[in-house]
Every structure is written in structure tokens, then in C-alpha cells.
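Take a look at the letters that make up each chain.
Protein chains: 2
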Amino acid sequence: MTKAATTISTRTRWVYAFGGGAADGGAHMKELLGGKGANLAEMSALGLPVPPGFTITTEACNHYFDKGRTHPGDLAEQVSAALARVEALVGKGFGDAANPLLVSVRSGARASMPGMMDTVLNLGLNDQTVEGLARLAGDRRFAFDSYRRFIQMYSNVVLGLDHHMFEEILDDKKDVLGVTIDTALGADDWRAVVADYKAEVLRELGEPFPQDPQAQLWGAIGAVFDSWMNDRAQFYRRLHDIPEAWGTAVNVQSMVFGNMGETSATGVAFTRNPSTGENRLYGEFLINAQGEDVVAGIRTPQPLTRAAREEMGETAPSMEEAMPEVYGQFSEVVGRLERHYRDMQDIEFTVERGRLYMLQTRGGKRTAKAALKIAVDMATEGLITRDEAILRVDPASLDQLLHPTIDPNAEREIIATGLPASPGAATGKIVFTAEAAEREGALEPVILVREETSPEDIRGMDAARGVVTARGGMTSHAAVVARGMGRACVCGAAELVIDAKAGEMRARGRVWREGDVITIDGSLGEVLAGSIAMIEPELSGDFRLLMGWADAVRRLKVRANAETPLDARTARQFGAEGIGLVRTEHMFFDEDRLAAVREMILADDEAGRRAPLERILPMQRGDFVELLNIMDGYPVTFRLLDPPLHEFLPHTEAEVAAVAQATGLDAAKLLRRAAELRETNPMLGHRGCRLGISYPEIYEMQVRAIIEAACEVAASGKAAPAPEIMHTLVAKAEEMNILRGLTDRVAKQVMSERGVTINYTVGAMIELPRAALAAGEIAKSAEFFSFGTNDLTQTTFGISRDDSGRFLNTYIDKGVFEKDPFVSIDAEGVGALVRLGAERGRAARPGMKLGICGEHGGDPASIAFCESVGLDYVSCSAYRVPIARLAAAQAALGARAAASQAALSVRKD
Amino acid sequence: MTKAATTISTRTRWVYAFGGGAADGGAHMKELLGGKGANLAEMSALGLPVPPGFTITTEACNHYFDKGRTHPGDLAEQVSAALARVEALVGKGFGDAANPLLVSVRSGARASMPGMMDTVLNLGLNDQTVEGLARLAGDRRFAFDSYRRFIQMYSNVVLGLDHHMFEEILDDKKDVLGVTIDTALGADDWRAVVADYKAEVLRELGEPFPQDPQAQLWGAIGAVFDSWMNDRAQFYRRLHDIPEAWGTAVNVQSMVFGNMGETSATGVAFTRNPSTGENRLYGEFLINAQGEDVVAGIRTPQPLTRAAREEMGETAPSMEEAMPEVYGQFSEVVGRLERHYRDMQDIEFTVERGRLYMLQTRGGKRTAKAALKIAVDMATEGLITRDEAILRVDPASLDQLLHPTIDPNAEREIIATGLPASPGAATGKIVFTAEAAEREGALEPVILVREETSPEDIRGMDAARGVVTARGGMTSHAAVVARGMGRACVCGAAELVIDAKAGEMRARGRVWREGDVITIDGSLGEVLAGSIAMIEPELSGDFRLLMGWADAVRRLKVRANAETPLDARTARQFGAEGIGLVRTEHMFFDEDRLAAVREMILADDEAGRRAPLERILPMQRGDFVELLNIMDGYPVTFRLLDPPLHEFLPHTEAEVAAVAQATGLDAAKLLRRAAELRETNPMLGHRGCRLGISYPEIYEMQVRAIIEAACEVAASGKAAPAPEIMHTLVAKAEEMNILRGLTDRVAKQVMSERGVTINYTVGAMIELPRAALAAGEIAKSAEFFSFGTNDLTQTTFGISRDDSGRFLNTYIDKGVFEKDPFVSIDAEGVGALVRLGAERGRAARPGMKLGICGEHGGDPASIAFCESVGLDYVSCSAYRVPIARLAAAQAALGARAAASQAALSVRKD
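Sequences listed follow chains C and Y, in order. Residues 105 to 1013, numbered by this note's numbering, are exactly what the first sequence covers, in order. Residues 105 to 1013, numbered by this note's numbering, are exactly what the second sequence covers, in order.
Heads up, a few of these hints could be off.
Within a straight-line C-alpha distance of at most 27 Å, the following computed DSS-like cross-link-like pairs (lysine-lysine) qualify [claimed, not checked]: (1) Y:Lys852 to C:Lys884; (2) Y:Lys196 to Y:Lys302; (3) Y:Lys605 to C:Lys773; (4) C:Lys302 to C:Lys277; (5) C:Lys918 to Y:Lys852; (6) Y:Lys923 to Y:Lys884.
Derived by calculation from the structure, the hints in this document are not laboratory data. No experiment lies behind these values; they were computed from the predicted model shown.
Full structure from sequences and hints, please.
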């Protein structure tokens, strides 16, 4: 309920007035008035001191473009009426030579679009009114300086002239006068500059600079509208997915001047500290200055409060000290604005001769840390609810709080850029092999730099502080594993030409050698030279508080994908409620296991495979006991052997020779077997449950290891273990039937041998379109589903995540993809299959447990999707567990809001 | 309406009598009586001379297994009544020592299950009845020979004794007598053998051989039932997907003897020639013999007719000459049977002392050639309708008629076996490289033997008569290309160890060198030693006639996948109605083009790519003009560049060096670029429309070539060309929008340059699950869809066809796949996506043209699926066009039958 400023009875209201303690619009009218106009109206209606003005609506803008760049017939009349209201409120006349009203003209779209169009200030000045301004201000220099600024701005923004020509004129003038700074010019100097400027406009355009304020005004209005279609604006809109149909509003506002002497000032303020979130007024101001002076950085602004000044050790007085009365008023207004908007505000203000004017307010941008603190504080203060606090923090931003980050003030010398594959920053010496990483990493920090990584590199990756690859996308092996380990990682830095043999890499014409120190920023995808200052993460009380609130709200459980005891412990510390994915083959890469695994692969028949499997069994069992113990009764989903067997063999002749020598295996046989097993498309090859069906003895060993481990844990008197045995790459119910039979047979046998009953379940990883389609049939033998959306995205789109780097950027640039579908789930395609699979699965087996264990499990947008499908849990890498907890809470709140909205609309019907 | 033989008023009738000109059952009762029993009943009811007997139903079999291997309480009573009826009809008594009735006991399931259980003949003989038989037959030797045969059979089949022990006894006897053949034994000798046999049974079982005919009968009935569950039967059922619940019937029939002297005989006959289809009685018989003698091959059977005897130059009289009266009767009966069953019959008969008995009739197996001729002849004779004739020929069998085949009488020495990848046979000298194939193939026939083939081998494959690969499945590159070219091909012959460098291959311990002559049988998947006699195909008038009838009936259009003028001409000759898939990149592999293509790939920027594209343009245009001309107004679907660019580059250092030298391209750059472009999963890589979106200039060139070609053809005054431009690997509507824009822009430009309007359309290949899901959106810019079910199968199942060979056989063995899903479409999964895509596409664009261009387009089962989805056309390799035409006709008839069935059931409701 804002107080109406004007009453206009035309059919369409194109103009909304504000100021003088009243407004036609309000903050809720952003679509019609744009963000700036709506907030100016809101502040006016609140009775705050806003220079009066009016907003021409976005609808007028749309009319303008729909009708061949012409204005609505009644716009002129409405603008006149609104202008007359402004004249009345400020007691000046637009174009009045003795008592001139000056205005600013600014664009203002629904969404902030920085740089779309420059502001025009001081509009209304001409050769007559400049004299009136001089008299009113008692400052002739000020008046002509204002006039020349206006001519320059208007000529550039409205008339389309290059601003360089005006700067040249001014520079020439200064040369002639022998001065270097603007302040050295007097009133007459500026007057002369004005004359030169006008002559220049006449020369360039063949027409004089417009002297009629009405013509100036309509010129500026048209220019604001036109700017909506300029290249910069179109590019920005495409980039941010802003519809052209939104249009822009135009704000016309009476000018106030912060540069009218020592009782005038201008400044910006945040109601709380936007870096730390601290609840103290934060900002800076300049006496006798205009807004652009604050930005230009010629003079150093002063802090607002005395406390801030003292902390900074400044001597120049703060606003609190320099103009205590105005400061008192400002402080009161600012508090009121925050309470009114119920959020931290970013405010612009001007003081003209001791009088405060509010020019803008909007929600303030803030760091992740500040967002967290402000949300928790405001909820504690009672300003917002806990639910609102949960919604105020961007889950993805938590990543910044969980990893070290590069000091924002540090200088960065970029060596190469790639994808921001795993957040955080790390510094260390370059190593080019996993072995070197293991060896050197034990002594000092290293960064592992590889063409790409493979499962054999895991120990080296673990030993390194960070990982860089020249190839691979956001879900390449390096990226997935690094995120899982919480290691910083930059992937696909294609500029790097790596010569591991020579122990060097080249990029941008420079050579970096093994042992050189580099820093990587995994949050930005940058590889940087040398060692750079870091900020360590601190998981404050606020973090735990907000997480607790989130946990109370969310419906989705959050689990982690984890194989190592370290991962599992990290996951528990971050609040994981179980493991959603143990990739059981990761343990095969340990040195002592790998030899047995290779022996198994080289065997000619089942009997030959069984012997090495016997040796692997106790090792796998030991691993599984540890995971089940750490998870202390929470469910643990064991996915049986998934990758094709050739991943476990050495490939090049040199690697083969090394392995043969180390293990005593036959080199020729190794090489032949590797060649035999080579696949054209390993992603679509002999892997997953296809291995278990071809070589049942492998899965028998794994099932035995899981159930034996569970028996051991159960016998130890700890919380009852809850193993979930998951079969992967299932496409048909027939596969699941075979695998269910195998699993139950072995489990029964082990339980009877041990005399222990284990509450295990058997399920399917749904990661093929065929499986989603056949989910109803598969659910007859699968007790749970886990949607493997990494592979499901690969197969649904027919895109290999390892190879997608070559065209993904083009696809995002050309608008084919809004986001990388491996990062955020493609709801219409991949998501449709998840939904179908969930529906068909639950139809066949009511209430069956459903989860997701792809990388999407840690992506907020994807988690919202999972909530909408009604999954039971998401599982993600340990370091994303807090993100998932918060995103799950937001998704639950979103779902509740949608439900109550729906209930409301039903009641209305 | 068969005449009832008996009237039994029990609640369940377990026993159905036949013989004596009447029967309780008929041919329509195969489910209850099994195939043999139903046909015996049918012949009896027709009044044909069938030895009387009865059939115990499959329901009795099911009861037997359901109730712990016990018979229904009233079965004994029903068997007694039926046996009494037989006794009355033949005037003998079962177990009557003076006038004994002997019976045969045979199993008979709904489907023929050869070898499931041996027959028991002469049941009812014992130490008393054998004397009666001797007197009745007036032949004591015959009686005891019959008795010893019975003991041997019964002991083996019912009592489970090894038949070797009986053979040993007989051999010992012959040694003692100093004779070598059975006929040398007299009545007393056989009597002694009988005694020894009985003694052996007693020794083995501890019980005497059963003398009570009733005990013999029930023993045999139980044995027949038990045989339903033996290993052989279970294996056969699993193999042929026969449900266990079908059960088997038991046929008990009075014995007749073809071995009662010179007026007795036994024989088999086909009502038409099963090899050629010729409408003449065909078969053979033996005087004074039992059925097993015909099979055993000790005596040479004689032809049935005089004409056949004379043709064969035989002197022994035919049945027509030896027993003219019986022959006359037989000839009449046989004609009646064919007319009655309206199909060629396979008949068994016996003549006992001048009296004809019919023992079995069933539809006769026949060669593809005979099936064709018989179907066409019968339709021409008016015996069946043309629709029925269409349904009588297995479309897949036409393959035999279109390719040379190995003479079935020739000896085969198998070198190695693989997959029957492309039908037909070919003989030639071994070559191990595509270059050698080109060079040598021009001079004499060669067979190209490779580890696997790649697009670079195409010219070599074309120059060879046949292709053998050691790796790859039914849809590997070699298989697909060979089928397209009509070349015989054996794929995945894993036994072959090929050493191309050494110019030799090894298999089964032998070495074959370049230049050695081999023969391949692509229909069976065999590689054979030396040159083998062939039968050339002959496309007779019958073939054209049947194809014409099929064309009149089918709704689906049939197109071919073709790139070369030769393929296109072959396709037209086989009746293709257009080209459904021109893989435009196939032309890139021609030597003169490849250089330009490689130069384009090596270029650093768009400008660098445009120059070689300019050189490729006229060549592509020329190709397209030729295809459009050959297709003479029929539609031609041009699929733009699909494979990843690395397929066009040499890979090994040696290849690179050769290319660099030949073309002047920079070797280092070639190698580097090949490495850069290398993909982990090329199937899911930077290919298809992803290339067109990354490098629009390539697609622009191709669209230009197509439209310029169409303009040329249109200007030449020939039939208006109908080019369809197809974009491949589309996943999202956004891609199609971009590509549609590109296509229309270039097309418009070309048409305006040339002043010609071309009626082109732009469509999408739907080959990704994502595309099927988004079909509604994609259809907004796609004017047609072609379902690429090869890739759709790969992505839906997550199975690479190049790598599937390793587990496909295991999957088929274990029942996961019924058929290779790359051969026959997976209706529930891949098919569901095709159906979804078709429905969503047509919902968005009513009546849009839909086709299929995967390998499935030539598979009859998949064609029936396409009919059910309502596609407009199928497209397959040229040599499969006739198969597709016939299969499409059958599918249309099937759909009509289903529709009228549905209409009937609606009327009934």
C-alpha cells in the first residue's frame, strides 16, 4: 500500500511519479518500473528523502519498439504532468532561466544490467539556465563545470559522439593554461571549454547542441530506450538469459549536488559488512564531490563511522564526525531500510548543503562468508525466519568456505586457464608423474600435472595438493577423483603442452620445469606462477548453526561417494548419512592388489581366475569392514566391479616391461591380453554387470567380501551394518535376475557359514536409458535404485564426458546448452528418464528406496530436481555434502511453497 | 468337424482315439494332442488308411508332473477303452498269444522336438506273443528279429540301459557264427540273441525283462512323459523358447510292418520337390523294410515314380512300377493331403502285404528356392491366395537367392569360423591389406583378410570378392560395409592370428600365406580351404512375381542405404524407392578428396578450412548429381558429415610418414593433430551435427553441394530431384534450430544464384535417447525424422557394437538377449524410444515423414515393428531391399489380420 503520488485517468499509465513522501509505484513493481524505479518509489512511499522524479514504464519501452520506435500518443502529456509535479515539489522550473530544474535520466531494467547505458546528469542546462544555476549555487565555476559535463555526457550517450574528442579539447585547454588537473580550471576556463564543446558538436553533426530542455529530455528518453537494443545490451541479455521482452524503464529525477561545498557530500554504504557480514554500517563518502568522483579514485574516500576511521588509523574525519546531524539522520534511515527490506542494503546517497538525499537502495552483494553470517545473524535477531535464512545462502558458495582460497588482494600471474574442476587453491612444486607425486609429496607440497589421469594415478593424486590436466572436462577422471578427495583441480588446460619425459611443460611461450612452484585456483580454473597468499577456511559456529537448521527442514537424505577410510571419515564430519557409492574397484589399484588383479585378468579360465581372487578376498573384506565401521550403522552402497578389465593392465611396451619385471608376469602375455581387451569405446564396452555375468567368480568374491565384512562388524557388537549391494550398468531385467540370484546365493552361503544374519539389500544402478525404460521389470529383482546420472547423461546425450571438452564451450556459447549437462542435470532429457525410472520402479515395488550417485548429487539445481522426483537421497563427493544438505533444505522449502501455492489456487477455484 | 471315434463321458478326456475312418481329435488340436497326434487324427477323420491308435494328451503329461509323477485316476480306464477299440478295429488282442496286437509308443509335443525321445516299436511282444507273430507272419525269423529289436529299444528308452551292451552281444554272436551282416542271421540265431538280451537285462537290473504287455505299455508311457524333463529336452526347449508347460502327448498306435516280404514296403514322400519346389511327387521307398532301414542307408532306396527313376538312370523299379495299385492309391491320398492342408506335405507311409498305411504327415521343410516356387505355384493353381503365398516365404531366406552359395554337396574344410556377417560365398587369393586388394583384385579374385577394417579400407573391400576379419561383430564396420556392397563377409573369426607384415595367418595349427586360395561362406560364417563349387543365384520369374504381389500389399516404402553409383543402381534394380541414407563422408575417403579433407582438418582457423572445402565442393556436387540422376525423382536423404575428424587422419607414425610424403603435408603437424583429436570414446565424441555446429563451413559446403546438384539435375529436364538434407546426432531442439537455419540460408542463396527452386526438405536423424525424448521440440524445425537405430541401440543399451563381441554370445547363451539387438530391434527398449519419438514428432508436426535407416531396416522382425509404429519407410543395404519388400508385405498382412481380429472381438463384445 504505497501512497499514490499522482492520479492520472488515462487508459494506460506510462508514467509513475515518486518523491515528496509519496509514490505511484513500489518495490513489488520491478517488472513495470525496473529495479531502480521500483526502489525509488518504495523509498519515497516510506517517506524517506528521495529527490522527486518519475519513471517511464517498461511497457512504454515495448510500445516504442513494437511501433517502429515511436512513443505512445499520451506519453508526452503524462511526462508533462509528472514533470510539473517535480517542479512543484522542488520549487524550480524545467528550463526556467532564473530558477532552473535539472534532472538526471537513467535506464533501469528489471534485472541489473551494468554498463548497458550511461547516465545523463544535469539535463536541463543550456546557455541561459547555466547562469541561473550559477546564481542559485552562488558558484559560477560549479555551474559551468556542470554544463560542460552535461554536454560531454549527452553528446556521447544521446548524440553518439566519441568522448575522446571532448577529452582532447580539455587536454588542449590545460596545455594552453599550463595546468595538469581539472581543479586548476576556473569558471571562465570552463566557460571557454563549453564554447569549444558546442563548436565541436556543431562541426561533427552539422547542428548545434540542443538548447531546448524539452528536446534534451526526449532525446535522452529515446536514447535510453534505444540502448535496450544496442550490441552490449543484447550480448549481456544472451549471456544472462534475460528476455528481450522485459524492456527497460527510464528514470527522470531532479538533480541534487554533493559538490556544492563543504556541507555537501556523496557516498555509498552497506548496512552490514559485505565481506565479513559483521553487523556494522560500512561504507565511504567524499565531501564536496559527485558520485563519479568516488568511483574515479582521484580522491580517497573517508569512512562513514568514527569507529571505522579509528580502526583504519585515518585522520580525515568520518561522516559521523564531519556532519554529525546528517549522519544521525542517515543512520536512522539506513536502519529503517534494512528492517523494511529485511536484508542487507547497498545504498547511494548525497548530501546537498546539509540536506540528505537517498538516491538508490538495493540488496547488497556479499561474499559467501558474509552471506552466511548475515543470514544467521538476521534469523537470530528475529528479522527473518530460519527458513528464510536457509534460502539466503547460495549452497554452491559454501565451497569457498570449505577450501583454502587465494587471497583476493594477491597478484595473479596466469600461466594457463582451464576448467574449475575442483574448488580451492593449492601451491606446490610441479611433478609430472603419479610416482613422483607420491615420492616428493611425502616431503613437500606438490602439484601433479598430467595430460590426463587414470585410475592408476589415484595414489599420486592423493599425495599431491592439487591436480592439473591438459585434457578432460568437468567430469573427467581427474575432476571426479579430485573433488572426491577435496583436492584443488584445474582440468582441460589445453594451452599446456606437457612433455613428461623431458620433465617440462610449455604454455604462452614459457617453459616450466619439474620442481618449479605453481599455484592453482580450482574455483576459477587458473594455473598461476609461483606461491600466492591463501586464506584458510574456517567452519565457524554460523556454519554449523545454519547446517543444523537446514537438516531440520530437508526431506532428502545426503550421502557421500567414498572409497577410502579418509573419504568416509571426511564425509561423516561433513554430515553424510551413509555412503551412496563405494566404487569397489578403486581398491584394486593398490599395489599389492593390482598384482593379483592382473594375474586374474591373464588367467585363461575360471580356475585360473579363482586363485588370485582368493588372495584379493581378505583385502577387500578388510577394506569393507573399515568402511562399515566408520559408517556406524548408516547404509553403505557397494557397487561391484565396474570398469573394463583393460584399465587394470599396463598398455605401452615400456609399462608392460616394467610390470613384467616387477611382478614376474609374462610380458608377451600381458601385451597380448591388453591388445585383446582393447576397446574402441570403453565407455560402452565389456564393463559393469557384463563382467559379472561373464565372470561370475569375480562378483562372487566381491559379494562374499561384503557379507563377510558385515558379519565381522555385526559380531563385534557395533551398530548393525547396513550393506547395500549394487549391480551396475544393468540394461535388462534378465541381467538383474541373474545377478540377484548370484548375490543371494553367495550371501546365504556366507551367512550360514558364519551363523550371522545380515540385513543386506540388492539393487541396481540405473545409468542406461534402457534401464530407465525397463525399470518396472528390473524393480522386480532390485530392492533399490541408484541413478548413476554421469553415465546416464553420457548415454542419453551420446556424449563422452572425456571427449566433450572439444565442443562443450561452443555449445554453451551458441546456446545449445544452458549449463554443462554433466554439472547440472538436463531435466527435460536425462531427468525425464530418471523420473520415468523412479515412477516405474515404485509402481512395481511401492516405496522402494531411490537415490542418485552421479556428480549431480552435489549440484543444487540437480538436488532440487531430485526433490521434485521424490528420491530418498542424494550422494556426492564428501566435500560437497554440506552443499547438498543446504540445497536439499532449500529444495524442500521450495517444494513446500509450491504445494501451499497449489493448495491456495485450489481453494480459489 | 471330425467324426468322433469314441464317446467317453468322464469329466476330463485324457485319451483321444483315431483310426478306422474316425477320430476324436483333429489338426487344430495340436496343443492338446501334439503335432503328430493331431495330424494322425486329422488323417483318420479324412478317412485315410491310418493304423488305429490313440493319443494321451499333453494335459495328462502336465498332471503327471504336477502330481509327483502319478497318472490321473481315470487314465487307466480310458487307455483300456481306447486299446479295446484298437483291438476291435485290427481284429487282434493286446497280449493275445495266438493273435497279438503290437503297438508303437511315441512322444509328440506341440512343436517338433527332434531327438527328444526315441520311439518304442513292436511293444506287446513277449516269449508267448512272439510265437503268435511268427505264425501270423508266417516268418519266424521276422518275429524273433522284431522281438530282439523291441528288447533293445525298450531296454534303452524305458529301462535306461546302454545300447552298446546289446550291440556287443550281437557282434559276439556274429563272430561266433563267422558272419558280418545282420541278414545272415536266421530265426534260431535271433532267438538265441533274444535269450542273451534278456539275460543281460536280468544281470543289469536284477529283474527280468517285463513280459506283461500292460506293464510294457505303462512303462513306455511313463518314459515318454519323463523324457519331457530330460536334459536334452530341457536344453532344446531353452534354445527354442518352448515353455515347459506345453508338455508332451503320447501316441500309441497299432504296428504295421513294411518288412513282411516283397508286397511290403516303407517310404517317405514330399508332395513337391523340397529342393526345387517342382510340382512332382518326390520321395523314396524300400521294399521289405522298416522305416529305420531307409534312414540307416544300408540299402539304397528307390524313387517313387517311374519318371524319377528314368531321370536318375536307375534300373531297380520305382514304386509306381513295382506296386502300381498301391502306388495309385498312395498318389491319390497324397494329392488329397496337399489339397487338404493347402501346403506341401512331408509324408511317411508303410505298405504291409499290399495294404497302404499312412503313418505321418506334416508341412515339409524346403529350401528358399522351393519355398518361393511352391508359394507362387500354389497361388497360381488357386490352392492358396496371393496373400498366403506372400506369408509362405521367409524373407530372410531370400538372401540365399540373391548371392552365390556353396554347392551343398561340396566338401568343406574349415579353417576358422566367425560370424555370418554378410551372406553369400566367395573364393579368392588371400590379401592382407586394402592396397593389395585393390592391386591384385583388379587381376584376379581376392579375399581381404584383416584384423578389422576401417573407412580407409573401403576401396580395398570393394575390389575384393569377400572380406574376413578377426575382430568385430555383426554391425562392425566390415560387416555393415560388406552387406552394403553385397560382398560376402565373415567377421570376428577370433581363431585367426593375422600377421599382415609377415604376410601370413595362423589358425588351428596351420599357416596360410598371402596368395593361398580360400573360400568364405558369409551365410554360415565359415572360412574354408581352397576353391569350392558354387551355385550362382538366379532371380527367376517366380521371384519377380512374388515381389510384385508383395509390392501391391505393403504400406511401408523401401529405400536403400547407398553412397556409390553402383550401390544406387543395384538398389534400383532390387526395387528400392529412393535412398534413405547417403553417408556423405564416404566420398571423403577417395584418394583425391582425402588430401583436401586432411588439409582442412589441419587448418588452424575457419579461413584455412574454407580453401580445401572449396576444392571438395565440386567433387561432392558431382557425386550427388549422379545419385540424384540414378534415383530419377525418388527421394534421396543426404546425411551430412558424421564421423569424428580423426577418422580421416593417419594414426601410426609410419602411416603419417607415408601420408606426409605423398601429400606434402607436415608430418609433425599431422601427428600432433591426430593426437589432439584422439578420443576416448569416439562413438560419443565430437561427431555428427556437433561438427556442423563447431565448423559451420563444412556443412555449408555440403548443403551447397546438395542444392547445386539438385539445381543441375532439375535444369537437365529430368524428373524433379527430391533431396532430403539430414542432420545427424541431434540431441536437442536448439541444435536442430541452428542447423535448420544454416541449411535454409545456404539453400536459399544457391537457389537464388541459380534461379532454380528445389523442393528440398530438412530433417533429423533420431539416434540418441535424448532426441527421441525431445522429438516434439525437434520436430518444430525438422520436417522429417529418420531413426538411426544402430546408434540408438548403442546409446540406449550403452553397448558399443565394435566391442560387444566379447560378451554378446554369453548374453545370448544366458538368455539376457533373445537375439543380437543390433540385428533385430529391441522392441521394449530401443523400440519404445522409436515409438515415443514417432508419436511426439507427429503430435508436433502432423503427418511428418518417418523412416528408419539403421541396419534394422533390412531385418524382417524389425520391419514388422516399423509397421506397427506407422513409419513411412525402411531403408537398408541394397542387397536386402527384396527382403525388406517381402517383410513389409508380411507386416502389412499381419497388421490387417490383427485389425480384423480386433474388429471381430469388438463386434462380439
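Between Lys852 (chain Y) and Lys884 (chain C), does the CA-CA distance stay at or below 27 Å?
-> Not satisfied, since the Cα-Cα distance of roughly 56 Å exceeds 27 Å.
CA of Lys918 (chain C) to CA of Lys852 (chain Y), is that 27 Å or under?
-> holds, 23 Å
CA of Lys605 (chain Y) to CA of Lys773 (chain C), is that 27 Å or under?
-> holds, 20 Å
Below or equal to 27 Å on CA atoms is what counts here, so check Lys196 (chain Y) against Lys302 (chain Y).
-> holds, 26 Å
Agreement of Lys923 (chain Y) and Lys884 (chain Y) with the hint, judged by alpha carbon distance not exceeding 27 Å = violated, 36 Å
Holds or violated: are the alpha carbons of Lys302 (chain C) and Lys277 (chain C) at most 27 Å from each other?
-> holds, 15 Å
Hints 1, 6 from the list above are not met by this structure, while the remaining hints are.
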